[in-house]
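Read top to bottom, the protein sequences are chains L and R.
Sequential numbering of the first sequence, starting at 1, is according to this note's numbering.
Sequential numbering of the second sequence, starting at 1001, is according to this note's numbering.
Please note: incorrect hints may appear among the correct ones.
The calculated label-pair distances, taken between Cβ atoms and stated as ranges, are [unchecked claim]:
# : chain 1 : residue 1 : chain 2 : residue 2 : range
1 : L       : Leu239    : R       : Ser1031   : 18 to 26 Å
2 : R       : Ser1031   : L       : Leu214    : 37 to 45 Å
3 : L       : Trp290    : R       : Lys1030   : 52 to 60 Å
None of these hints come from the bench; they were simulated from the model.
Note that CB positions come from ideal geometry on N, CA and C, so glycine has one too.
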Amino acid sequence: MNTQVVSASSKAYVRQVPAEVLPPPGSLIGPLAWVRDNLFSSPANILLTVVAAFVAYISIPSFLNFLIFDAVWTGADREACIAKNGVVPGACWAFVRERLNFFIYGFYPVDQRWRVDLFFVLGAIGVAWMLWLKAPRRDIGMIYFLVVLPVASYYILGGANWLGLQPVDTARWGGLMVTLVVAGVGIVASLPLGILLALGRRSKLPVIKFFSVLFIEFVRGVPLITVLFMANTMLPLFLPDNITVDKLLRALVGIGLFASAYMAEVVRAGLQALPKGQYEGAMAMGLGYWQMMRLIILPQALKVTIPNIVNTYIGLFKDTSLLLIVGIFDFLKAIETARIDPQWAAPTTSTTGYAFAAIIYFLFCYGMASYARAMERRLSVADKR
Amino acid sequence: MKKVLMSVAVGAAFVMAAGSASAQTLNQVKSRGVLQCGSNTGLAGFGQPDAQGNWTGLDVDYCRAIAAAIFNDASKVKFVPLSAKDRFTALQSGEVDVLVRNTTWTMSRDTQLGLEFGPVNYYDGQGFMVRKKLKIASAMELSGASVCTQQGTTTELNLADFFRANKLKYEVVAFASSDETIKAYDAGRCDVFTTDASGLYAERLKLTAPDDHIVLPEIISKEPLGAAWRHGDNQWGDIVKWTHYAMVTAEELGVTKANVDEMLKSTNPDVKRLLGTEGKFGEAIGLTNDWAYRIIKLVGNYGESFDRNVGAGSRLKIARGVNALWSKGGLQYAPPIR
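All chains should be built: construct the whole structure from the sequences, respecting the hints.
Quick look at the structure:
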């Protein structure tokens, strides 16, 4: 029995340190395992992977060939992009390069284009100030973005004799500049208007409620294109002869009102998503209506509606391309016009123009969506606890 | 009901517009200091911005010529790009003073819209393009051909009329956009491509091998493209009309942008009347007597404008054809200035 009464030290083997952790078996890590987990985890996934790989195999190389490898990058006119020995070249980027200024500035006088550049810079500063959360004095940034920037842009782009800036008629505005002006005005105007309309729709005062519902339902009931036609074709007929409202202004008002009706419904969804206790709690604290909205309700309601608000903004940005139907030279219309110029008539000119438009629209919309996603992640930290 | 309301509204608006049109357009233009010209939103050779954003084209030159006659400055034009749907309203409502936007002069437009149509600055019409290797010289040989065209346009209807009237068999291959149509023709989906003749030349440049294709001589429809202005202001109408006639007369008399200063010394009575060294024809239409001199000096004569924008001097290389002077077998004819 001696052998059973032993001290630890006399044991044949006692492990002093924990066993080294072995790496998982090769079949569970590394690229191979990732591929198996993510691409071939079930028969259905195997099938999907194979099909997707096949589609990618047949489309991506020709896509890249067209856009990059076979593309024409330099040249002064259509000679550069026409078929040589019966072979049609890829994208005609030379065309985009030659017309880039037209795509951006439209008909804006060449010697005044620095004003458009200034507008872009001021706009970028405003956007960065508002969106970068660690920026200093964001309260001033807010005033800059909502008040200073619109007024400054109006005078910079439109000109004013007392500033020594030559007036530039809006008929000469065009290209990306018009797209950004219209989208910017729509975005800046639609949120405050939309919030007011949403609050109006939920108001207990019958008159306010009635007019809010009437406006929202009327505007939502007609397509944007109809609003634009109404603003551009019908409105001038009803105005007295000596009054002509600027064409771009009419479209701006139309788009602004249209977007705010949609925004109102988005915000209303957020207001309704809040539990009743939030309202009651705020009232129990003795807050008035506007204090309650500003301090308690709207911050929460807007937070939950961020994805929808950004969705509306993205839709609005893309809707600006409808302006071409009423003869306003937005970015897409500038490309549309340039692509039919005989100077660049070649088999791939149109395709290149459209590809360029797609790339630019994608960059803007994807940018907005990415920012919104980051914002959501940041704001949802509280909910995850 | 909605339709009735709509027509009442539009009708009322027309009455209003027609009532106000007798206001002196010329005075309005002069006090504004700029001519407002309804232009195309982009049509190769007729109204098209270049890389710097300057408008160029045959229609554009017409507007510049009117501005030159009034202001002695061809740049005092504000071009208002109008879509096909907007164009007449814009004119009726006074947003533009004159519409030069490849607009076909038809009876209904002339009589029902409260508008007045003027001289035709381009006689267009539907034509055909085929491959040279088919060795076809006339549209009458097109029996059994497949024809590429754009859906839902008058082009398609004209095509049906033409083939039926001539008892030729054909097959239509229609596409939604002009781009698709020309691509399909280029790819060999059909033997013939058809659209308005001015468009044929522009589309031909997009083909893989433009030189392998030929535009047939037949024109199967009438598309007189001209200027339009509001009913009731005859003085303004005179200015628009005679601006074009002055350009045509100048071509007829051999007065060009380059030699117009020498021509001032000409002893030819026709030239003297045109350039205002004799008679008071300019004052009769509310302008100065050197109105035509200004047009030719600043814009050029009709032939120069045609050549520069759509003719041999441009990329489109459209033959003068029916747009040649009457003395050369075409339709461009100006009443005498006397």
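Hint check results:
1. Range check, leucine 239 (chain L) to serine 1031 (chain R): Cβ separation about 19 Å, and the 18 to 26 Å hint holds.
2. Between serine 1031 (chain R) and leucine 214 (chain L) the beta carbons are some 42 Å apart, a value that agrees with the proposed interval 37 to 45 Å.
3. Between tryptophan 290 (chain L) and lysine 1030 (chain R) the Cβ separation comes to about 54 Å, which falls inside the hinted range of 52 to 60 Å.
In summary, the structure agrees with every hint in the numbered list given earlier.
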